[in-house]
Each structure stands twice: as C-alpha cells, then as structure tokens.
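Trainee: What follows is each chain in one-letter form.
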Amino acid sequence: MNGNHLAELAVETVKQALERGATDAECTISEGSEFSANVRMREVESLKQAGSRATGLRILVGQHTGSAYTSDLSPEGIGRMVGSAIGLASITTADPHAGLPDAAELGAIAEELQLYCPDVETLETSFKIELARKAEAAALEADPRITNSEGASFDSHVGRRIFANSRGFVGEYNSSYCSLTAVPVAREGGSMERDYWMSLSRGFAGLESPDHIGRVAADRAVRRLGARKVETQRVPVVFEPRTARSLLGSIFEAVHGETIYRNASFLAGKLGQKVATENLTVIDDGTIPGFFGTTPFDDEGVPTRRTAIIEHGVLKNYLLNTYTARKLGMKTTGNASRGLSGNAGIGHGSLFIERGACSPAEIIAAISNGLYVTELIGSGVNVVTGDYSRGAVGLWIRNGELAFPVSEVTIAGNLNNMLMDMEAIGSDLEFRGSTAAPTVLIREMTVGGK
Amino acid sequence: MAFSESFFASRFGITTGNLESYLGDALREGGDYADLYFEYLSTSQISIDESIVKSATEGVSLGVGVRVIAGERTGYAYSDDLSPEKIRKAARVAACIAAGPSKVDKTSLEEGQKRNLYPVFTAPHETEFAERVDLVKRADAAARACDPRIFQVQATYADSLRQVMIATSAGILSFDRQPLARLSVAALAKQNGGPPQRGYAGGGGRVELSFFLEEKTPEHFAREAARQAIVQLDAVDAPAGETTIVLGPGWPGVLLHEAVGHGLEADFNRKKVSAFSDRIGQQVASPLCTVIDDGTIRNRRGSLNVDDEGNPTQRNVLIENGILRGYLQDQLSSRILHEAPTGNGRRESYEHIPMPRMTNTFMLAGESDPEDIIRSVPKGIYCVNFGGGQVDITSGNFVFSASESYLIENGKLTRPVRSATLIGNGPEALRYVSMVGNDLQLDEGIGICGKEGQSVPVGVGIPTIKIDRMTVGGTA
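Protein chains in written order, with our numbering: chain A, 4 to 453; chain B, 15 to 490.
Read the hints as simulated data drawn from the structure, not as lab findings.
The reader is advised that the hints may include incorrect statements.
Cross-link-like lysine-lysine pairs, in silico, DSS-like; alpha carbons within 30 Å at most [unchecked claim]:
#1 B:Lys100 with B:Lys120
#2 B:Lys103 with B:Lys151
#3 B:Lys204 with A:Lys330
#4 A:Lys18 with A:Lys330
#5 A:Lys273 with B:Lys204
#6 A:Lys232 with B:Lys393
#7 B:Lys465 with A:Lys232
#8 A:Lys277 with A:Lys330
Bear in mind that the values here come from a model prediction, so they are computed numbers and not experimental data.
Chain A on its own, in the form it takes in the complex (with noise of 0.2 Å):
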C-alpha cells in the first residue's frame, strides 16, 4: 500500500486516451486488502485475507460518452482498456448534457481528514481472532437463553482511491475500517429468533468492546423471544436509531438528482416548499474529519461539502453531480459516486437527521398504544409514489412502556405523511456509519397484523 505509482498510472492513462482521440477522460483507480475472521461456537470458522486493484476510465469524444475498465493494470491491459472506452463512443448519443465538471468547480480538500489509521493493518491476526472470540463469549454468557450463535465477526478493510481527469485534477486518498460484528441466536420453547450488534470504526481505537458487543447483541436478540403478531390497527410507530437511518436512504433516494429530473421522486419540484415537520432537518456533510462520509473530493473531483437537504421542514437542496446539475440547471454538490467506470452517479456523505429535544424514554412514554421499530425487511418503499409498506419486527408500547415483542407485522403509509408526522426527533444522535438518525416518532401508521 506505499511507494507505488498509481497516481502517475492514472495521468498517464488520460494522456494516452487524449492521444487517442478522446476529447476529455477520467481515470479512476482503486486498491485495496481486507481481511475477515469468523468465530462460531467458540471456534474459528474462517480467515480471509486478500488484496486487489483495478482501474476504470470514462471518456468523452465531443458529447459522447463511453467507459470501461479492467484489473489488468499492464500497459497492454491499460491499453485494450482505453481502445475499449473509445470504441464504445461510437455508439453512444450525443448527449449535450454530457461532460467535465468546469475548471473553476475541481479540488480537494486540504485539511487532513483522518480517514486511514495505521492500526488497522498491524494488529495481529490472532489478536483480532480473539476480539471476534470475546464477543461471541459475551453474547454467549449474557443470557442462558443465548443457545447458539451464526457467529461474530471482525473485518477490516484499507483502500487507497486515485482520480485524475483532462482538466488537470489529480488526487489520491487512504482510507481504513474496521468492524466488530456478533450475530447471537436466542432460543426459548418453540421462538428462536436472532439479532446482531456491530461497531465500526476507521480504527482499532475506535471500536466499542467486545464485552459491550455482545452482551447488546445478546439483549436485542433475547428480547424478542415469543414475539407476536398483533391486530391490524392504526398507532403512533417509534423507529429506533437503527431503524430511522432507513428513512434517510429513502430520503437520499428522493433527492437525488437522477430521480428529481426523471421526475420521479415524490420530492421533484418541491424545493423551497415545506415537506416536513418544523422539526426535521436533514444535512449531508461529507467534509468531517474521521467521518465514514468523509473523503477530500468526489469521484469527479469536485470538493464535497455541507449541504442542508431539509431545513426545519423546508426542502433546501438536492443531491447532484455535475450532470444532474447541468439537467436541472444547477451546481453540483459535489455528491458525484461512481464504482471504477461509467458516468458518475450520485451517492452521500455522512446523510444525518440533526438532533432534537427529546429522549427516546420521554417519546416512548408519551405513548398509551403504539409499536416501536427494531428491524424492517423487504424494499418496499416507491420513491416515485412516496408509497411505504415494509416488514417490521418490534415492541409494543403500552401505557408508554415497552410492554411484549411483535413481529410479523408490515408498516404502511405515505412518506409524505410521515415527514408531516413526525412528531418528535429524539436527542440520541450517533455516528455509526455513513447515516445516522436519532429515534423518531410518525404520529400515524398502519400496522398490518391479524
């Protein structure tokens, strides 16, 4: 992960599909080694260790596009690689949309924004056998009802992205992760249900204890031991943090720009308008240091940076790359995503919900009869419609008490309901990877039962 050359591998390929015909070309290249240790039962279950890189390019012939990309980083792989993009311009439409983000908008960030720890790669590998090993045993012997396990895991990847483009840009970044995972099984008369907990960090430091791991792996799975299905009613519904940070992907999938100029998005055309409870405001920010949103530049080369999406109810902003921008008649905002090849798409920094008032015990006990949300399943949420209907697995509240487990229930409704309706944000705000929302509180939905 040091020494080599990749940024000049990356400037070197622009040349040459410039020298090709190319009018304008982005090279992307990534690298990167994870490794991965699974304990179940006590025992090693397996190790994987492994590195890889590849690189893609996008070029431009006029208003043509065409990409392409390999794991052959040799001249004659690079070579077939830049033919390959070239050709594809071929077939593609003039698209008068298409092309480089302007001089003006290309940089990085300078400050260092802490997003590779050196730990990660020195640890021994039987030390981090033996974190997985810890977490599982606290899982295990939290509660005697704990009677199997799919196990605990720690992961850690380190990658290194370079970006170059024909108007100059260049840039490389490090980045690191590591996780601790435990998946324990809970299992009492006829009811075995499971649950995880993970913690993720940029670095060893960072990771919440094996201990504290398990033993709330070992709680959430415990608690929901002879869950059952209740009436078909409508009731207030509380999404725990875990689960609010689901509503934030659908937001992200509304605001994005792709969806916004397809028209189809259940927020198109509504900037400025008011699409929310005062109480909701809802930030991308890509810029914190330490941050698993965090990088210099997009995959553009484009600065990222703080953008307000929901401002007290008010829609401020959409998620945009350079052509989403250029359809819609805006600036990016610097949210361009792409893997290695292909135009760049959109994707988010740290996506958060800011922070309210309340405690989750204060909105929970607000509450005489309603569920609290601790998982959902399944995909059912139309951005297009704003329609909302997805498996959930919970508890009820009764007289603001977490009173009885409940599962095989669905939640429907309208996301825009849901953003009108929610009543209270929680003060539980915490990062725990690229999005995050405090517990929430949508006045009304329908839970789907017996």
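With chain A held as given, fit chain B onto it using these hints.
Mentor: Relative to the frame of chain A, chain B by itself:
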C-alpha cells in the same frame, strides 16, 4: 473439450501439473480439502434514458481464489494476478487455517463429466455492439409508443461471459463457459396531473442474442413495463391485515425463494439457526405443494453445468407433497453432514467463499384451473408481479413486495391496488395453500439473489396458487 484446449490452459498456459502443485501448497500446513477457482469475467452494459444512449461500458476482471478446509474451518485468499508466485502466495495465506499433517490422499486431477446446458455458440458478449445497442433503442421507442401517458423510459442491456476453472484436492477438474444476458425496461406514466407511477419488466438467460430478436423482444419487455405503469394510475390503496392471496404464475415464485428456499440452505441448517432446522420428514406445507430446485434447466438464468465448486448441478426435491425432503448443500456442509453434494455451492466471484445457494426454484403444477382459483375467492387479492423479497431465516419471517395486484371481490378481479408488502412465516405460510393451478411458469430471467453480501443470478417459478391466509401491508 480437452483440458489443453480450455480457456485457462490455452490463454494462460496453466497445466494440470501447475494445479496439482498449487493444491499441494494449499495443503502443506494440513487440512482436509483444498480447491482453486479461476475466473475470467468480461461484461458489457448499455443504457438508454430520455431516448439518449447515455452510457456504454465494458470491462474484464480475472483472478483465482484458493480455499483450504480443515474440519469446520475455512481459510481463503485470492489473487488478481495469475502468476505462479502470486497464486502460491494466496495458497500459503489460505493454508494458515490448518495445522498438522494433511488428511488428503494425493489424487491426480480428472476432468469431470461434460455436458452443456447452454450450448451458446456465440455469446451475446461476443457480438457486435451495434446489434446490442439496437435492443435498448427499440425498447425505448416501443415503450413510448404504447401510450401517450408514458413520459419516461429507461432501458438497460447487460451481458457477461464468465470463464471458470475449478480444481479440487478430491481430484475434480472442471471448466465452464457461462454466458448471461438480460434486458430490462423501466417506464413512468402520469395522467391528469396525478402522481407518476412506474412499471418495470425484463428478462434473459444463458442465451444467444437471437433470444432477444426472436423469443423475447425489446418490444415485449417495453410493452410489459408500460402496461404495469398504466395499470398503477388507477390503483386504490391496498388492504391491511390478513386476507386470501392468489399468486399468478411465474415471477411470484419469489415467494418460494423467500419462504422456504433460503431456510433450506444447508449452512443454516447444520448450524441449527434456520426455522427449518431438524425438520426433514416433517409436514411444512400443504400436501398440494412440491418444491424443486433445479440447476439443470436449459438456458435458464439460474442454471449451471457445474456449480462454483466443480460439482454438477442437479434437480433437488426440497418439499414433496408438503413433506420436507432435503437441504441445498455446498462442499463444506455436505462434508460435515455426510450428505452428498447437491450442486448448490455458488459464489459471486473469485474473491468470495462459496455457500449453499439456490439455482432455479419452483413449485410443480397442480390440477386446478387458474380461473377456478380466482372464482373461488369471495374477498382477497390477486398478485401478479413482485419487486424483491427478504427473509429472516431464524424466525422464518419473510416479506415480498407486490408491485401489481388486483382486488378479488366475489370471485372476480375488480380494481388494481397500490404496491404493498406481503408478510408471512416460512414453515407456516405454505400450509395455507389450498389450490394449485395447472399453469406452472418460470420467470422471464431477471432474478438476483443476495446472501451475506454475495449476489448470484437465480430463477423462480410457480403455478397460480391460492393461499388462504397471509398478511398484506396496505393502508386501507
């Protein structure tokens, strides 16, 4: 084809002697089993949006994965460089899992039995781009021509050609050439200032390009996507709570994939974390239900000549007349359980450890006339198209989202209903199957199954069936 003419031998000069030597390296710290998975994957993709062909991409990736099994332990490493030094290095890393003398008797490699379930002379990937770009242009034009209410169309054509070679310490040497292609169309419709609605259709398989020119044309998928979007314009809210469900034939077979398929994968069952663990021989569905997983159906998306561990795929009976008969095995689980492999060991790429996975999963046809099934329902919903699904294999709860459904009132289909999630419990849901139609259909070839971060292509199928009780996640 002889080994010497195979892709990796002729292009990279790899010999059986090399393979035996790499396997020896993998087992030098001990272990019961080792295998090598060589992969050379070429892909291409073309997309049209707003009637503009906005993107065309192609690329290649290659590498080799080395695995060592010692008892229940797996060591895994891979290399994206096929030089002997890099392969030996990966073998040494994978070997770290094992300790002690190897329990493998030295066996020389023998080529497995050859058959070809997808005799595709020219893979779509090997044809001219001009022919393939035409598919998305035709799809775009056809969807727009269907109805003036269609205002957005996107179509994507994607294909791949995967060359694989698998060598194992048990002496298996398999190689395969796996073509795959798919075309999909998404359409948006609107009317009278109301909200837009979407429709989606697609299909393909391990086929030649002529499949899209003669059997399932771009116009076929385009019309279907447009039709679904238009139907949704008049949809009413879906009901909430338990009701009778009739599933139409074909793609609704995703029910089987979620409700029983995943729960019958042997890894979950040997660990006893599946709701189906220890239930072989028990009644888990109505006697009308026989569920099969079959990786040998010609040209299907989920079919393979050999699985990704070199074992031939086969037809496996999962549930026979309602009785649970067997699990889907991979190499590791079949060794531990002392069961025969079932040809279900699959992986996303050389970077991934194989797991038991489905191929093409379907229910056998019954005797009922599909129209009689609908006529028999006083009140319920009829679901003909689905988005994705998901299952929690431990509790057995599964969901799948119905994207095109109709109310059934007094035995007749009345109004279309908006998309909604259906939820049930795997070992329970199929007990309520009270009628099975005589109209088994397989899906059109677009399914992708995800498990533990690995995606593989799969197929599903089902005849029209009636389920007396299932929960619908609507709002009405």
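Trainee: Would you mind marking each hint as holding or not holding in the structure?
Mentor: Hints and how they fare:
This hinted pair checks out: Lys100 (chain B) and Lys120 (chain B) have alpha carbons roughly 23 Å apart, not beyond 30 Å. For the hint linking Lys103 (chain B) to Lys151 (chain B), the alpha-carbon distance of about 47 Å lies beyond 30 Å, and the restraint is violated. For the hint linking Lys204 (chain B) to Lys330 (chain A), the alpha-carbon distance of about 21 Å falls within 30 Å, and the restraint holds. About 28 Å separates the Cα atoms of Lys18 (chain A) and Lys330 (chain A), which keeps this hinted pair within 30 Å; it holds.
Pair hint Lys273 (chain A) plus Lys204 (chain B) holds up; C-alpha atoms about 18 Å apart against a cutoff of 30 Å. At roughly 22 Å between alpha-carbon atoms, Lys232 (chain A) and Lys393 (chain B) fall within 30 Å of each other, so this suggested pair holds. Our distance criterion of 30 Å between C-alpha atoms is met by Lys465 (chain B) and Lys232 (chain A), whose separation comes to about 27 Å. Between the alpha carbons of Lys277 (chain A) and Lys330 (chain A) the distance comes to roughly 24 Å, so the proposed pair stays at or under 30 Å and holds.
Violated hint: 2 only; the structure is consistent with all others.
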